[in-house]
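*Asks:* Quick one: dock chain against chain with the hints and give me the complex.
Which chain is which? The protein sequence lines are A and B, in order. Start counting the first sequence at 1; every next residue gets the next number (the numbering used here). Start counting the second sequence at 1001; every next residue gets the next number (the numbering used here).
Because the hints were derived from the structure by calculation, they are not lab data. There's no promise every hint is true.
Simulated pairs of lysine-lysine, DSSO-like, Cα-Cα distance not exceeding 27 Å [as the list claims (entries may be wrong)]: (1) A/Lys-280 - B/Lys-1286; (2) A/Lys-350 - B/Lys-1286; (3) A/Lys-336 - B/Lys-1286; (4) B/Lys-1283 - A/Lys-336; (5) B/Lys-1283 - A/Lys-350; (6) B/Lys-1213 - A/Lys-393; (7) B/Lys-1291 - A/Lys-327; (8) A/Lys-255 - A/Lys-28; (9) B/Lys-1134 - A/Lys-350; (10) B/Lys-1291 - A/Lys-350; (11) B/Lys-1283 - A/Lys-280; (12) A/Lys-147 - A/Lys-189; (13) A/Lys-327 - B/Lys-1286; (14) A/Lys-443 - B/Lys-1283; (15) A/Lys-336 - B/Lys-1291; (16) A/Lys-336 - B/Lys-1134; (17) A/Lys-147 - A/Lys-48; (18) A/Lys-28 - A/Lys-159.
Pulled from the structure, derived: some chain A residues nowhere near chain B, Cβ distances all over 12 Å [claimed, not checked]: (19) Gly-74; (20) Gly-112; (21) Glu-175; (22) Asp-217.
Remember, it's a predicted structure, so these values are computed and weren't measured experimentally. C-beta atoms are modelled at their ideal positions from N, C-alpha and C, and glycine is treated no differently.
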Amino acid sequence: MNAILEMRGITKSFPGVKALDNVNITVKAGEIHALVGENGAGKSTLMKVLSGVYPYGSYSGEIRYEGRERRFSGISDSEALGIIIIHQELALVPLLSIAENIFLGNEPATYGVIDWSLAFAKTKELLKVVGLDESPETLVTNLGVGKQQLVEIAKALSKKVKLLILDEPTASLNERDSDALLRLLLQFKAQGISSILISHKLNEISKVADAITVLRDGSTVETLDCRAETISEDRIIRGMVGRTMEDRYPKREPKIGETIFQVENWCAYHPLHSNIQVVKNVGLKIHRGEIVGIAGLMGAGRTEFAMSLFGRSYGQNISGRVTLHGKPIDVSTVEKAVANGIAYATEDRKTYGLILADDIRKNVTIANLEGVSTNLVIDDIRELSVANDYRAKMRIRSSSVFQEAVNLSGGNQQKVVLSKWLFSDPEILILDEPTRGIDVGAKYEIYTIINRLADAGKGVLMISSEMPELLGMCDRIYVMNEGSLVAEFASTEASQEKIMHAIVKTGRR
Amino acid sequence: MDTRTADELQAPPSKTSWMEFIKAHFRDYGMLLSLLAIMLFFQVVTNGTLLRPLNLTNLVLQNSYIVIMALGMLLVIVAGHIDLSVGSIVGFVGGLAAMMMVRWGFDPVTTTVACLIVGGLIGAAQGYWVAYFKVPSFIVTLAGMLVFKGLTLALLGGMSVGPFPVAFQRLSSGFIPDIFGGQGFNYTALFLGAASVAAMIYFSVRTRANQLKHAVETAPFGLFLFKNGLLAILVIAFCTLMATYRGLPNVLVIMAVLVALYAFVTNRTTIGRRIYALGGNEKAAKLSGIKTERLTFLTFVNMGVLAGLAGLIFAARLNTATPKAGLGFELDVIAAVFIGGASATGGVGKVTGAVIGAFVMGVMNNGMSILGIGIDYQQVIKGLVLLAAVSLDVYNRKK
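Same shape as in the complex, but just chain B (with noise of 0.2 Å):
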């Protein structure tokens, strides 16, 4: 028999070194080092361009509508599936969205409505066969990949069609107007960016206040100063930078908003725990009295939504919606959410990974695009990093 008293088997984790803990959560942090690592390698191959706030600009434009995506395919992925349509679905929302406004005279905002709800719907259409009538998600989303195709075609006639209305066309080219008047510089986007990192602060000073309270292990002070310090001026840092240039395209607050969203609903709801659990052992999670299959339901018409929106965002950005548009796009998402650190058998990966995952795969596009890679290295080039970041984190996880 076992004597030993539960004080005993209570006591305090030992206090952990700096080294220890970067180890122990190599994971968390390996990720968005290298993604610092690839940046820096591009500024400086790039002789600095690559953080020019006109290039900064336009890499969170090309990337907002992959990052949006993301959000979705990581619930996807970390409830055991993968969705290949969402490629198709950009564009057929993108289609639409133009027939309504350009063809049929809807105004602006009722086409946004309407397209999110079929995006909506398309997903919900997919989701039941996944859910309900358990057919492989690939097999369902492989076939909604050539219909959505297909009827992006059908729906365009094989032809561009554009320009949108200019109120449209904000979306994706707007900005966020100064409301404090700044000459060239926008005092509003380095407001928007000290709100954040006070909130950003303030969330995680309270949690560790949380795990100090109930003798949990913490990182050690120093590092916690360190990792909130550094991003805080990488956040302030990236607001002057656009704050010089027009200030906060309007793309990137939705697209905060909806990181910062989609985070909390991950960490803290009751629904994204619940999806990490369907996904980690589905049986345990169903006799657990978890709805599993209305969880992988709604996974899918979330998927739906969001790739609606992207698609709206991709088409505003272009100002035509054409019968090309979203062609492949699912390959970068779901890469960006592999890379991110998401396992492929379900149950695991993070928001954060997801973002800094699509922002590694943008950073690489836009860095050799402007170096001249041609579009054929850059490919061969992604697959390999992809491959790579996937291999080490395999080989991490068996350590």
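Excised from the complex, chain A in its bound form (with noise of 0.2 Å):
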């Protein structure tokens, strides 16, 4: 058979990151091919490369594509080719209807006027292939997630695709609509149509891959193939996981006491679709001094059980029990989360972490003004000296406390955000991704710091998808997957494979 796709020594690199290392992968024409590693491996980006987002020159390697060698310099370059990419994020307009959306961009059109019936017959021709029974009229709004994604695909169809690039199509479908999208796959290769499907659910790639290549940290591991042998998911995990761990977390000796916090049944829905429970039942408790992870695949629920826990930052109908040293405590507005000895940092610093535009000063006195004002009036002294405290304490590089947040870099604008909830001197820190976007260097003062809270006496809930990261760190692991705590795990006994075992098989019921 012949490679549809050959991508060689495929290098790419951020200011101080190097996220693709030459990777190397060939997709034979008419093939399913997995591409699996853990997040932050390099698969969404090495597709950004493939499709013209990152265009030639950004890049260093070589790409060919039906026996040439193809230089993209945008989207509209790779899909005329027929390589077209369908993200997890749909890149749907929510108030255009089905046939409206599938020729966005693609209009059968005469000198600027659609002709609507054309794109309406057609359209129900593509419905009819991907299985869609809607018409072509519904507002893409009014269908549920799996149906949109039908709708993604009829849309790829239509511009004549002959490679199909799939990142995580499944990951917030049910089984039934699962099913349904890896039996269009099959459909589709027997149509000559090859694929590249990125997914976490190896059951899933199990069943309908005919090659698995494995990435991590931004280099090719191996290529398996799946057609001489059955490939075991253990055996995908051990490629996924098997790097060695370094010396990349500070030591320390956990002091752990008493139970100080405590969640129980706790509940949330998705805020506008009510009928969708994103936190299911959840229960865990942190004990004094400890450092506890919580282990999962982004969309897993953990950031949205943590918001909902912060004053009902997301979701609604929440419900469930708190409490913070055997008391019950109200956390139901930020204020009182606050106020009850709370503090969350959130994953995403820029839109929900700072207030990029005002100083470190400012930035970092914010959730506690009360502790520098008296009656309302902000104390200049006593907040410049808390500032430049904190600027030494948690060594921020910046010329000086009226430095604007927007021009920090990633690990010091993580560092004002933790120093904000520092000074509402918190009970419980919960730490969202509290290293995302960090250089290597930078990551390790974040943990030094993380310790230092734990060692003072403070319960930190530690929420990374850095599966090294949360084995290097805590000192008790939770597992969730779709909304629910699967698994727990003591850091003496817990390994990746094991977490990773845990998310596979309650993904597969």
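*Replies:* Right, dumping it as structure tokens:
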């Protein structure tokens, strides 16, 4: 069989990070090729290189497609050759109809006048192919996620697709919809359309994939051929996580005391769709001086859990019980949650954590202005000394505390966010992806700060998609999947394999 | 791993030279300098008419209501919103005051209090939709603009109502009486000017001492002296000029007190800081425990009260309430705030900037009227100045 696509020696760097390092992948014509790897392994970056989001010249290496070298300068170039990518976050316009979405930017028109009857007729055909029984006039917003996914695929088909790339297509689908989608892929395969399938659900991959390429830390680990022999999930997991643990985490002797924080039966529903339960009966506890991790894949509901807990900042119909030092506490607004000793450092610093146009000083004190003011009047001197104090203690690299947050590096921005919450003097600090997008040196400093907090007798709840980080930092790890806690490990007995197993096993149910 | 110690990281900033400091703080000083340049220009081309005591008094009286509303509008814009209804509120509250005093026989004090409350209620009604129902403020206040323009016409029955009791007229036409009994020279005016200069110098010296104590970047001492000296001379010169005419108008004192109050609230109080945080990043502010809805609501209530006050002052100045009062004021007020360096996306803007912006507009209005430029070209020029000022600001920020 001929290769439809060969990517050779692809290397792509971002300032300070090498996202892809000499990656090779070969996709044969008419096969379903799975691409697996942990979060941050470089799967999405590789697909962006392929589709031209990162144009020729911004990466090094060679892309050969249908036997010729290709140099894409944008998505339209790759689409013209039949390479269509369907992203995890669907790119549909909710308030337009199915037909309008399918032909968006590609309308059947003469001199700019759209032939709607032709568009509708074509849409009907396409919907029949993907097995979606809806009128072309239905607005996309009225469709469920599974059906929207099918609309995306119909849109791809309308563009004469030859290589279909699906980024986590089944992540938010239920089992029936997932099966339908996988059957569709097999059907395409029979018609000679090749696909690249990015997925965390290894059981699905073993069902449909002809070959599997494993990425880890931006490099190709191996390509497994599923046609010759059946590949076990254990075999794939070993490839995904098999990195050596280096000395990347500061040493700490945990001094764990009594239970200080407990959550029972915590439930939350999607903010727009009240029938979707995003957090399901979560119960956990944190001891004094303990760092507790929550592992899970993106979309497992970890951030949603943390934000619903922190002043109901996410979701609706939230229920459950929270106790601190054995007493129930009210966390129904952010103000009350903070007053009761809870702090939440968000995963998205720029959108939810910082006021970028304001300086370090103002960002540090904003969650606890009472701490620097008397009778509603801010005491400049006290505020300044607090800010200077944190700048020194957290080693925030800046010209002064008057530097605007927007001009700080990711690591220093994160230190400002942490300073803000430390100044509110919490008992429980929830850290959501505390080291996302931060370089290795700054990560070590953040880890040191987290350890110091635990040693000071606080409880830390750490959400991270980087499993080595959780294993290196936490005393205990919960595993979350599809809104529920599905496993709990002491750090001594936890391993990446065990965590992956817990996720994969429950994902199959 | 970084091996630098905290001390190295905290090394005090190197001494800044004048030029570097001015460059770094161009936005702070640039506004004031442009206002002075514009004043100087009109002083020259009007052959000195601009700064005659009589004209200076007029300038203050003509601009007071714009300045007062700019204070409220600054908070609204900093919070990330806009209020288009203020001109109509001015008209409505002025009309209400006229009806209450002239037709229904209320005394000026009751009328004033009632009108301020009504202004606050109007602000609350609009703020409610913006803050709790998340209706865009542009829409809500556009609706308010139409509603209150209509209600003003209905209230006044399409006629002008006046004149007002003398006590009420004093709000705009009165002057602070001279307690020292000077002949032809109002010593009280000079005294109040000197007192405010003393207060100003006291606070800036104190701030500077704090800055030095905490090794914060400070303006070079020479520049500090120059800036404070210049401001002191300007204030004293202004008060001396006013003293040779009839002294300080009541409105000027109200305005000055409000400006000082709002400068303090925005710079030094928790509520002020929270409004900036809300406008800078509403989501982050909310996740920091700030009650963003209530704060938004309050900024609109505040705007309503100030628009009500402006309505009273404007009516008192004309000594009659007309259905057309306040027409287009919202544009001058919004322009003043943006000329003063506020950001349309919220989170950025200063009280001093808004006040200077209001006076830039005022001086241009006044200067061009003296020169006899028609209302047609005055608007063209004002529009271009607004565009130029904001483009310059955007350009500076990009650098």
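*Asks:* State for each hint whether it applies.
*Replies:* Now the hints, each set against the structure:
1. With a C-alpha separation of about 25 Å, the suggested pair A/Lys-280 and B/Lys-1286 falls inside the 27 Å cut-off, and the hint holds.
2. Our distance criterion of 27 Å between C-alpha atoms is met by A/Lys-350 and B/Lys-1286, whose separation comes to about 14 Å.
3. As the CA atoms of A/Lys-336 and B/Lys-1286 are separated by approximately 12 Å, the hinted pair is consistent with the 27 Å bound.
4. Distance hint between B/Lys-1283 and A/Lys-336 is fulfilled; the C-alpha atoms sit about 17 Å from each other, no more than 27 Å.
5. With a C-alpha separation of about 10 Å, the suggested pair B/Lys-1283 and A/Lys-350 falls inside the 27 Å cut-off, and the hint holds.
6. Restraint check: the Cα-Cα separation between B/Lys-1213 and A/Lys-393 comes to about 20 Å, which is no more than 27 Å; the hinted pair holds.
7. For a cut-off of 27 Å, the pair hint linking B/Lys-1291 to A/Lys-327 stands: about 26 Å separates their Cα positions.
8. Using a Cα cut-off of 27 Å, the hinted pair A/Lys-255 and A/Lys-28 is violated, with the two alpha carbons roughly 55 Å apart.
9. Note on B/Lys-1134 and A/Lys-350: the hinted pairing holds, with a Cα-Cα distance of about 23 Å set against a maximum of 27 Å.
10. Between B/Lys-1291 and A/Lys-350 the CA atoms are separated by roughly 20 Å; this keeps the pair inside 27 Å, and the hint holds.
11. Our distance criterion of 27 Å between C-alpha atoms is met by B/Lys-1283 and A/Lys-280, whose separation comes to about 25 Å.
12. Annotation: proposed proximity of A/Lys-147 to A/Lys-189 holds, straight-line Cα distance about 21 Å (limit 27 Å).
13. Distance restraint check for A/Lys-327 and B/Lys-1286: the Cα-Cα separation of roughly 26 Å lies within the 27 Å cut-off, and the hinted pair is therefore satisfied.
14. Of the pairs offered as hints, the one joining A/Lys-443 and B/Lys-1283 holds, with about 25 Å between alpha carbons and a cut-off of 27 Å not exceeded.
15. Our distance criterion of 27 Å between C-alpha atoms is met by A/Lys-336 and B/Lys-1291, whose separation comes to about 11 Å.
16. Note on A/Lys-336 and B/Lys-1134: the hinted pairing holds, with a Cα-Cα distance of about 23 Å set against a maximum of 27 Å.
17. About 25 Å separates the Cα atoms of A/Lys-147 and A/Lys-48, which keeps this hinted pair within 27 Å; it holds.
18. Among the hinted pairs, A/Lys-28 with A/Lys-159 is consistent with the structure: their alpha-carbon atoms are about 21 Å apart, no more than 27 Å.
19. The Cβ of A/Gly-74 lies farther than 12 Å from every Cβ of chain B, with a closest approach of about 26 Å, so its non-interface assignment holds.
20. With a cut of 12 Å on Cβ distances, A/Gly-112 stays outside the contact zone with chain B, its closest approach being about 32 Å.
21. Here A/Glu-175 stays apart from chain B, with its beta-carbon at least about 34 Å from theirs, past the 12 Å limit.
22. For A/Asp-217, the shortest C-beta to C-beta distance to chain B comes to about 20 Å, beyond the 12 Å cut-off, and the non-interface label holds.
The structure does not agree with numbered hint 8 stated previously, though it agrees with all others.
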